[in-house]
Amino acid sequence: MDLVNYIQENIGELLSQVYEHFKLTLSAISIASVVGVSVGALISVRQRLAPGVIGIVNIFQTVPSLALLGFLIPLIGIGVLPAIVALFIYALLPIVRNTYTGITQIDPSTVEAARSLGMNTWQLLTRVQLPIATPIIIAGIRTASVINVGIATLCALIAAGGLGESIFGGISLNNTDMILAGAIPASIMALLFDGAFGLVQRFSSKKPGTVVILFIGMFLITLLLFIPTGKRSRLVAGFNAEFIQREDGFIGLDSVYQLPVEIKELEIGLMYKALANGDVDFIDGFSTDGRVEAYDLKLLEDDKSYFPPYYAAPLVRDATLAKYPGIKDALDKLAGQLSAKTMSNLNYEVDQNKKSPAEVAQNFLLTMGIQSSKLREDDDAQVIIGSKSFTENYILAHLFGQIIQAETGLSVGIKPGFGGTKLLFDALKIGAVDLYPEYTGTGMLVLLKPGKQKLNTLLADRDAFDKHLQTAFRERFQLRWLGQLGFNNTFAIMMRREEAESLNIESISDLSEYLKN
Amino acid sequence: MITFDSVSKSFDEVNVLSEISFTISQGETFCLLGKSGSGKTTILKLFNKLLLPTSGKILFGDEPLEQINTYELRKRTGYVIQSGGLFPHLKIGENIALPMQLQKKPKEAIQSRVRDLIHLIGLDESYLDRYPDTLSGGQLQRVGIARAIVNQPELLLLDEPFSALDPILREQMQNEFLQMTFLKDVTKVMVTHDLAEALKLADRTCLIDRGKIAFIGTPIEFLTTNNEAVKQYIGQDLNLFRIRQLKLCDLNLTADHPAQDNHGQLMLSPKTPVYLALTEDATHFKIGADGPVSGKEQLKSAFLQFISNMI
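For the protein sequence lines, the chains are A and B, in the order given.
The working numbering applies: residue 1 is where the first sequence begins, and numbers increase by one.
The working numbering applies: residue 518 is where the second sequence begins, and numbers increase by one.
No lab work stands behind these hints, which were simulated from the structure alone.
Heads up, a few of these hints could be off.
Said to hold, decoys possible - List time: in silico DSBU-like cross-link candidates among lysine-lysine, alpha-carbon distance up to 35 Å:
1) A:Lys415 with A:Lys429
2) B:Lys729 with A:Lys206
3) B:Lys748 with A:Lys207
To be verified - Non-contacting residues of chain B with respect to chain A, defined by C-beta distances greater than 12 Å in every case (computed):
4) Glu536
5) Phe539
6) Lys562
7) Lys566
8) Leu567
9) Lys592
10) Asp650
11) Ser653
12) Arg687
13) Glu693
14) Asp711
15) Asp720
16) Glu745
Keep in mind the model is a prediction, meaning the values are calculated, not measured.
C-beta atoms are modelled at their ideal positions from N, C-alpha and C, and glycine is treated no differently.
So here's chain A without its partners, still in its complex pose:
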């Protein structure tokens, strides 16, 4: 019943996500249908081109969708346009291939009969081949549309909106209802597309001409969907799903500072690049991220001390510590060893100098006088370390693993790249991983979720904060926080240095002033 409540409370937001999702899918399918059928028809007439063209379209299809979205950002930025381009590319293969197959598998004697009536190539194509191939072509469009509804959820990560906003927000916020509120409408939409095109497919064998009207209709609807609505704010914010939805994220930030701004949702890994490219004007970065330096970004001062502390520390299962007590001593050697500056440098090594996290961790341990070796992705290892999917967490996971391996001789395996706090934390609770690098702020706000009053008292006193965190985790989850590493990787609002300086913005209050005017 929580799900029903969630939907009731967020119906407006959900409907606009459904609308955005539909808009992305339909427009990509409309364009891909016209282009795909044309290309398919062309290569059926010029058959020598067929293997090459189908090969190329096939290769597009094999590029992982998130990689393709990332690849498109430097070319066409973020938002709806690259999302549609990506969806278009994925829709192309089934449509081109089905058009080509549909035309070439027509009985040769039918084609001969048509030629013998005096038809030229164009008449043959439009009056005989395409009409007869129509059900197969529609089947291709049907497949493409179902694929596209699924892939469109990923487009939320590059600020194109859609139901992915709920799904990824829910994953990062440990909110199952929110995930379902995004996933269920997406499934229903996929079924509706499937059913609608299935219907078209059935009557299209007798009335292929009406399919042309359908195409034109799809295009007109697409155009209608793109009539611009609303106005743009002076600056555009790019935030990740977790930050937008969290009480201690934008919602709280807005109530403290007042930031009337247009927000685009962005995947964490893509945010910095989008900011550097000028697609957005400020983001919620992490203060220790290596790209702050690389892209010459300016951290705005949190002059009202809004953001809670995010000290990094190993979060370990009690059961693991009981079994291998040496782990605690090993990890405690790292306590206090990493300043914000040091961590930022390590991140820079990976993000900009393209070194592997394992290598960076190894080099750092050498400066501490510890010889270590790299970890394997081994499920049978004695200790399994997890990590979230961003640079700093990768490096810390390798650091933890290597120092345990070097100091205790235990075999350590790594499971990197969990796509959100919820997923990784659940894995820790059930023992699929033994430990991972977590941040105190996240532990408090996302995992413990104390009431607002309690939180305010805790935020005022750092010792009380840490103490509550430790006891609550031991009691509720049988987990333990080991020694904090030293740096505070808090959220930070950041802008391009150039723009910040030209607008004279130093702090978040300055930004608020600028937006309000």
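Add chain B to chain A, keeping to what the hints say.
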């Protein structure tokens, strides 16, 4: 009307047809007979430039074929293939009308022509709105013919038009074909591997053997020649072989008095006594209980009918 003059055709340097020569006159029904792979269908496709000859000359009327625009030529030529070759996504009426639409004829003209044709092929107008998959094989074939002649072509090409039908329906369609008087002035070229069909329908039949013309002649010439290729082809068919043994043309019979003339009587089947009269100037012919027929044309068709029934 149409002349082939030493026409040869090769695919990838393999000779499929060599030195084909014949002349077909207007209104004639000309059968291309041969086993599969003999090259008979290849010849048919040369008529409307679905294929082009490697060497030799084809004249359509007085015009060399290569000088006639391909699309124009095909509009002057009807083409019927096995089971009609109808387009499954078009209604019967639309199928028949298509060649006229391609020529951008006025709508009213198309409609009245299509209505005329559907009656000519013995179907009623309710069929115009049906799709091909709701018609029987014989009906499809008739519609195929209607579509082929909708533009009133000078030449009608038929590629094994009846071979996909079951034997009873095939015979029925052959009989109907003979009665399609609207085809009388159209020159018809038909490909078949069925000797009985050729003898029944054709004015002249051309036997193709391994890409060469083995024999050209009327049905009677076919049945009486000593040509080795023809003998071999007929030899495959026992009934026809027996008829040959009777040397039909040598018989000098008069009808109506079968019992009186020992030379002229011929009993072909013990169950249905048949009396044949066939001489150069024969005027009578009688088959079983059908009663006497007279006149040279009727005589000829009754005779061929009889032979095909025998086979």
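Now the hints, each set against the structure:
Our distance criterion of 35 Å between C-alpha atoms is met by Lys415 of chain A and Lys429 of chain A, whose separation comes to about 15 Å. Restraint check for Lys729 of chain B and Lys206 of chain A: the C-alpha separation of about 45 Å exceeds 35 Å, so the hint is violated. Restraint check for Lys748 of chain B and Lys207 of chain A: the C-alpha separation of about 53 Å exceeds 35 Å, so the hint is violated. With a least beta-carbon separation of about 26 Å from chain A, Glu536 of chain B lies farther than 12 Å from that chain, consistent with its non-interface assignment.
For Phe539 of chain B, the requirement that its beta carbon stay farther than 12 Å from each beta carbon of chain A is met, with the minimum near 21 Å. Interface exclusion of Lys562 of chain B from chain A breaks down, the closest Cβ pair being 8 Å apart, not more than 12 Å. With a closest Cβ-Cβ approach of about 9 Å to chain A, Lys566 of chain B is found to fall inside the 12 Å limit, against its non-interface label. Non-interface status of Leu567 of chain B relative to chain A is broken: a Cβ of that chain comes within 12 Å, the nearest being about 6 Å off.
Annotated as non-interface, Lys592 of chain B brings its C-beta within 12 Å of a C-beta of chain A; the closest such distance is 4 Å. Against chain A, the non-interface label of Asp650 of chain B is violated: not every CB pair exceeds 12 Å, the least being about 10 Å. Chain A leaves Ser653 of chain B outside its interface by the beta-carbon criterion, the shortest separation being 19 Å against a cut-off of 12 Å. Distance check for Arg687 of chain B against chain A: the nearest CB is about 19 Å away, which clears 12 Å, and the non-interface claim stands.
The Cβ of Glu693 of chain B sits about 21 Å from the closest Cβ of chain A, beyond the 12 Å cut-off, so the non-interface label holds. Look at Asp711 of chain B: its CB is around 19 Å from the nearest CB on chain A, clear of 12 Å, so calling it non-interface holds up. For Asp720 of chain B, the non-interface assignment is confirmed: its Cβ lies about 23 Å from the closest Cβ of chain A, beyond the 12 Å cut-off. Non-interface status of Glu745 of chain B relative to chain A is upheld: no Cβ of that chain comes within 12 Å, the nearest being about 34 Å off.
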